[in-house]
Amino acid sequence: MSDAPDSGAPLLEVTDLVKHFPIKRGILIDREVDQVRAVDGVSFRVQQGETLGLVGESGSGKSTVCRAVLQLIKPTSGSIKFEGQEIAGLGRRQMRPLRREMQMIFQDPYASLNPRKRIGQIVGDPLKRQGVASGSELRRQVQELLQRVGLSSEHYNRFPHEFSGGQRQRIGIARAISLKPKLVICDEPVSALDVSIQAQIVNLLDDLQDEFGLAYLFVAHDIGVVRHISDRIAVMNEGKIVEQGTADQVCESPQDEYTKKLLAAVPIPDPRESRERHSGSVQ
Amino acid sequence: MSSAPLLSVAGLRVGFATEDGIIQAVDGVSFDLQPGEVLAIVGESGSGKSVTAQTMLGLTRANNARIEGSVALAGEDLTAASDEEMRRLRGERIAMVFQDPMTSFNPVYRIGSQIVEAIRAHRPDTSKGQAEERVVELFEAVGIPNAEQRVDDYPHEFSGGMRQRAMIAMALALEPEVLIADEPTTALDVTIQAQILDLLGDLNRERNLATILITHDLGVVAEVADRVLVMYAGKVVEEGTLDEIFYDPQHPYTWGLLGSLTRIDRPRPHRLPQIAGSPPSLLDLPEGCPFRPRCPHEFSKCSQYPGLEARVPDSPSHRDRCWLGPEEKREKRLVEGQIGLEAPRQGQQA
Chain A
1 MSDAPDSGAP LLEVTDLVKH FPIKRGILID REVDQVRAVD GVSFRVQQGE TLGLVGESGS
61 GKSTVCRAVL QLIKPTSGSI KFEGQEIAGL GRRQMRPLRR EMQMIFQDPY ASLNPRKRIG
121 QIVGDPLKRQ GVASGSELRR QVQELLQRVG LSSEHYNRFP HEFSGGQRQR IGIARAISLK
181 PKLVICDEPV SALDVSIQAQ IVNLLDDLQD EFGLAYLFVA HDIGVVRHIS DRIAVMNEGK
241 IVEQGTADQV CESPQDEYTK KLLAAVPIPD PRESRERHSG SVQ
Chain B
1 MSSAPLLSVA GLRVGFATED GIIQAVDGVS FDLQPGEVLA IVGESGSGKS VTAQTMLGLT
61 RANNARIEGS VALAGEDLTA ASDEEMRRLR GERIAMVFQD PMTSFNPVYR IGSQIVEAIR
121 AHRPDTSKGQ AEERVVELFE AVGIPNAEQR VDDYPHEFSG GMRQRAMIAM ALALEPEVLI
181 ADEPTTALDV TIQAQILDLL GDLNRERNLA TILITHDLGV VAEVADRVLV MYAGKVVEEG
241 TLDEIFYDPQ HPYTWGLLGS LTRIDRPRPH RLPQIAGSPP SLLDLPEGCP FRPRCPHEFS
301 KCSQYPGLEA RVPDSPSHRD RCWLGPEEKR EKRLVEGQIG LEAPRQGQQA
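Heads up: the protein sequence lines correspond to chains A and B, in order.
Note that the first sequence covers residues 1 to 283 in the numbering used here.
Note that the second sequence covers residues 1 to 350 in the numbering used here.
If we strip away everything but chain A, and leave its shape as in the complex, we get (with noise of 0.2 Å):
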């Protein structure tokens, strides 16, 4: 998919990436008793215009590796290169140029958008911050970024209480490709939304990653939407990826055992199928 000049460097390369997080006690004195390895030597890249799909349960780490990348938390080592620049342990006035570049969808559309803001300044303000427009041009820009996204450009006075959540979800898609950056990291975006949503949200992603050459790191723990969006997939388990891979050889020959395993707990929705998967289970 990568048809970039300099196809050589990847946008975004993590190598040895480690979080852990410290376990104190003590009342006067915080002693460190122990680590959570949230994250422990995850290394992958993403191409430009790729989708690289993460997989993981609840604790595997995979928000953390988003976070980190974004420089939300600070990574305990490893290394991180955007467009071959260091990353890992920039402070947040370095970071700002880079946020145009990288940019973030939320998995929870009520909470991801402030309630008492308008919809035009929800999607206008990164524009804005970024000095990339203002006034009349501004609104011009949002509202032709809202109906790039499915919504109206009437809707830029109404408030997020006014939408229902596939339309919140879409809100956050125009916020966070405003500034036309070249990654987005997708974290669970569809997993709050009902299933008729989810459909319309995959395909919008989709459509916009055509149109605009975006990479995508796709989180979610939904191994079906995820190897429909990605060209490869990342499996992550206790903090390290076990297995990567195109999509397609990852879902169906998987090689490591806890993919296998993952992949075998997904509930077929055929009923036959269902059946004869159990039939060679049962004693």
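Just so you know, these hints were derived from the structure itself, not from any lab.
Quick caveat: nothing in here was measured; it's all calculated off a predicted structure.
Idealized CB from N, CA, C, for every residue including glycine.
Fair warning: there could be bad hints in the mix.
[As the list claims (entries may be wrong)] Covered stretches of chain A (in silico footprint by chain B; criterion: 3 or more residues with CB under 8 Å from a CB of chain B, positions within the stretch not fixed):
id, stretch
1, 188-201
2, 210-223
3, 262-268
[As the list claims (entries may be wrong)] Partial list, derived from the structure: chain A residues whose beta carbon lies under 7 Å from chain B:
id, residue
4, S58
5, S164
6, G166
7, R227
8, H228
9, C251
10, P271
11, S274
Guided by the hints, dock chain B onto chain A, whose structure is given.
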């Protein structure tokens, strides 16, 4: 159909008066349930599936609620039962397992003692020691290891899956005839989900429990259900056996639900078939079929809402609410060879 059903819900309607008008959350739901049967109620948020279940347990009784129709358990109408009678029935004859195992236990009491309390509230002559023994037995039955130690743990010491097992143990404590499970695996990881579904299946077989499974996940339905009700905007739009719903679905909404599933056992389609638009507001339902604004197959007749009728020849138990003829349906539900809903027509909301 063979013998008198254990549970019979007839013409159930539940409305809530709000400042903006009356919300008819459940609008004429009827079904029968036999011992040992698993009935799945499928729908999206706002379809009325959870309100249906809660009403069976008398949990929707409120000043602004209006409940019509009947819920008969072995002939006794639960909608007419007093609060006192309902309290006795709950747990004893119908028990419920909720979605969120995090919030279903009181965090400041030990799990075992919460179940002991439930047992002794219903069976006052059970001694504390007997009840505690019973809890250990139940923990073993639902597959909690080290049952004897774990009964003394607090809820936060249990993982999500173990907490859901404990929840099921509590539901089974008084040996109910009907178990209602409302999204019992939605909050769990897939590997744990598979274990809990196996457990529910085993219990259903071993104890001849009549089970109502409420879920939005058709994958879960395919694993455990015998019969399926598909709900949309407070009404049942299709009901049938598991195979009828999956292999011969009659309602375009069911096609859409089946089509939009991602399947890891099939080559992935270029594009996920989607259902356009979003579920309607219950305060402002469209005239006629409520699915009409989202349906690419709607035609003039859809301005009237069809009744829930058997429209497939020779399948009296397979009923739906769609005006299209069986032949038309067979043709229209195929999108690139698979069951699904076509892309919306021009002018329809995307």
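Okay, the hints, checked on the actual structure:
no.	hint	verdict
1	188-201	holds (count 7)
2	210-223	holds (count 3)
3	262-268	holds (count 7)
4	S58	holds, 6 Å
5	S164	holds, 5 Å
6	G166	holds, 6 Å
7	R227	holds, 6 Å
8	H228	holds, 5 Å
9	C251	holds, 5 Å
10	P271	holds, 5 Å
11	S274	holds, 5 Å
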